[in-house]
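Q: With the sequences and hints as input, model every part of the structure.
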Amino acid sequence: MNALLSPEGFPVRHLGIGEGGVFDSPARVHVLLGSCVAVTFHSPSRGVGATFHALLPARAEFARQGQDDGPFRYVDSAIAELLHRLASLRCMADLEVKVFGGANSLVQGEFGIGMKNVRTAFAGLASAGLRVTASNVGGTRGRKLVFLPSTGDVYMKILSETPVHGMRSGPAPFGGV
Amino acid sequence: MKLLLVDDEPVALRFLSGVLAGRARTETAPDGASAVAAFARALDQGEPFDAVILDIMMPGMDGIEAARRIRALERGRGREGACRLLMLSCLDGAEHQMAAQYDAGADGYLTKPVDSADLLAALANLGLPENPLDGAE
Numbered sequence: 090m091n092a093l094l095s096p097e098g099f100p101v102r103h104l105g106i107g108e109g110g111v112f113d114s115p116a117r118v119h120v121l122l123g124s125c126v127a128v129t130f131h132s133p134s135r136g137v138g139a140t141f142h143a144l145l146p147a148r149a150e151f152a153r154q155g156q157d158d159g160p161f162r163y164v165d166s167a168i169a170e171l172l173h174r175l176a177s178l179r180c181m182a183d184l185e186v187k188v189f190g191g192a193n194s195l196v197q198g199e200f201g202i203g204m205k206n207v208r209t210a211f212a213g214l215a216s217a218g219l220r221v222t223a224s225n226v227g228g229t230r231g232r233k234l235v236f237l238p239s240t241g242d243v244y245m246k247i248l249s250e251t252p253v254h255g256m257r258s259g260p261a262p263f264g265g266v
Numbered sequence: 005m006k007l008l009l010v011d012d013e014p015v016a017l018r019f020l021s022g023v024l025a026g027r028a029r030t031e032t033a034p035d036g037a038s039a040v041a042a043f044a045r046a047l048d049q050g051e052p053f054d055a056v057i058l059d060i061m062m063p064g065m066d067g068i069e070a071a072r073r074i075r076a077l078e079r080g081r082g083r084e085g086a087c088r089l090l091m092l093s094c095l096d097g098a099e100h101q102m103a104a105q106y107d108a109g110a111d112g113y114l115t116k117p118v119d120s121a122d123l124l125a126a127l128a129n130l131g132l133p134e135n136p137l138d139g140a141e
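Line by line, the protein sequences are chains A and B. One gets the numbering used here by counting positions in the first sequence from 1 and adding 89 to each. One gets the numbering used here by counting positions in the second sequence from 1 and adding 4 to each.
No wet-lab data here; the hints were simulated from the structure. Careful: at least some of the hints might be erroneous.
Derived pair list, reagent style BS3-like, types lysine-lysine, alpha-carbon separation capped at 27 Å [what the hints assert, rightly or not]:
1. B:K6 with A:K246
2. A:K246 with B:K116
3. B:K116 with A:K233
4. A:K246 with A:K233
5. B:K6 with A:K233
6. B:K116 with B:K6
A: Structure representation (C-alpha cells):
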C-alpha cells in the first residue's frame with residue numbers, strides 16, 4: 090500500500106488560497122485547484138518539498154490596496170518566496186519542479202486567468218533557471234492534488250463534476266477557484 | 005487498456021513498450037501523420053485507444069498538430085476528450101507545454117528523460133488504469 094493510503098499516513102495539510110510553504114518532514118499536502126496554480130518543488134538530496142496555492146498571476150497587477158495578502162496569493166511572489174526559502178535550506182542544486190492547475194473558465198476564453206497564472210508560473214521558473222519536468226494545466230475542470238513533499242510524488246485527479254466558472258467573489262467550491 | 009505510442013526514435017518506442025508490457029495493449033507510430041491515421045482506424049474499427057503518448061519533434065506532422073487532429077477526430081465522432089493525450093518531449097519550455105495543453109487539448113506533459121515510475125504515475129493521474137485518488141480520503 091502506498092504512502093497515500095497508508096493507515097499510518099503522514100500529517101495532512103490542506104492548502105487554501107494564498108497558502109504555501111516548505112515541508113522538511115513527511116507530510117501529505119492537499120490542494121484543490123480551479124484556475125489557481127500550484128507549483129511543486131522537491132529536492133531529492135535534501136528530502137525537502139514545497140508548494141503553494143496561488144489565486145492570481147502577478148502581485149504588482151492584482152495586489153489589494155491596504156491589505157497584507159502574504160506571498161502566496163500571487164504566482165510570482167509565491168515562487169520568489171519559496172525559492173528564497175529553499176535556497177536557504179540549500180535545496181536549489183537538484184530541484185524538481187512541476188506545475189498544476191490553471192483551468193480556464195468556460196466563458197473566459199483564451200484570456201482566462203487560469204492561463205495567465207500558468208504563464209506567470211512558467212516565466213518565473215524560467216527566469217530562475219528552473220526546468221519544469223511535468224505539467225498538468227488548462228482544461229475546464231478543477232483538479233485535486235495530493236503532494237508528498239518528502240518524495241516529490243504528486244497524485245492528481247481531475248474533478249469531473251467541477252467546471253470552472255471563473256473568478257468568484259464569494260467562497261469557492263473546495264476552497265479554490 | 006489500449007495505448008498508441010508515437011515517437012520517431014525507436015529507442016523511445018522500445019522504452020515505452022517495455023514499461024507498458026503486460027499493462028496495456030500497445031501500438032506504435034513513427035510520426036504525427038501515422039498516429040492520426042492509426043487513431044482514425046481504431047475509431048472506425050470500434051476499438052478506440054484509451055490514451056496516446058505523443059512526442060513533439062517528429063518528421064512531418066509534429067505531436068502538437070497530431071494532438072489537435074486527434075481531438076478533431078474525437079469531436080467528429082461525439083467522443084470529445086474520451087482519449088487521454090500525454091505529451092512526452094525533450095522540449096521543456098513554457099511555449100510547448102502551454103501550446104500542447106491549452107491549444108491542442110493534451111491532458112498532461114512530461115519532459116524527457118523520464119523513468120518508468122514517472123510515466124506510470126502520469127498515466128495513473130490520468131486515470132489509467134485507475135486514479136490513485138479513487139478511494140482515498
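Q: Tell me, which hint numbers fail for this structure?
A: none
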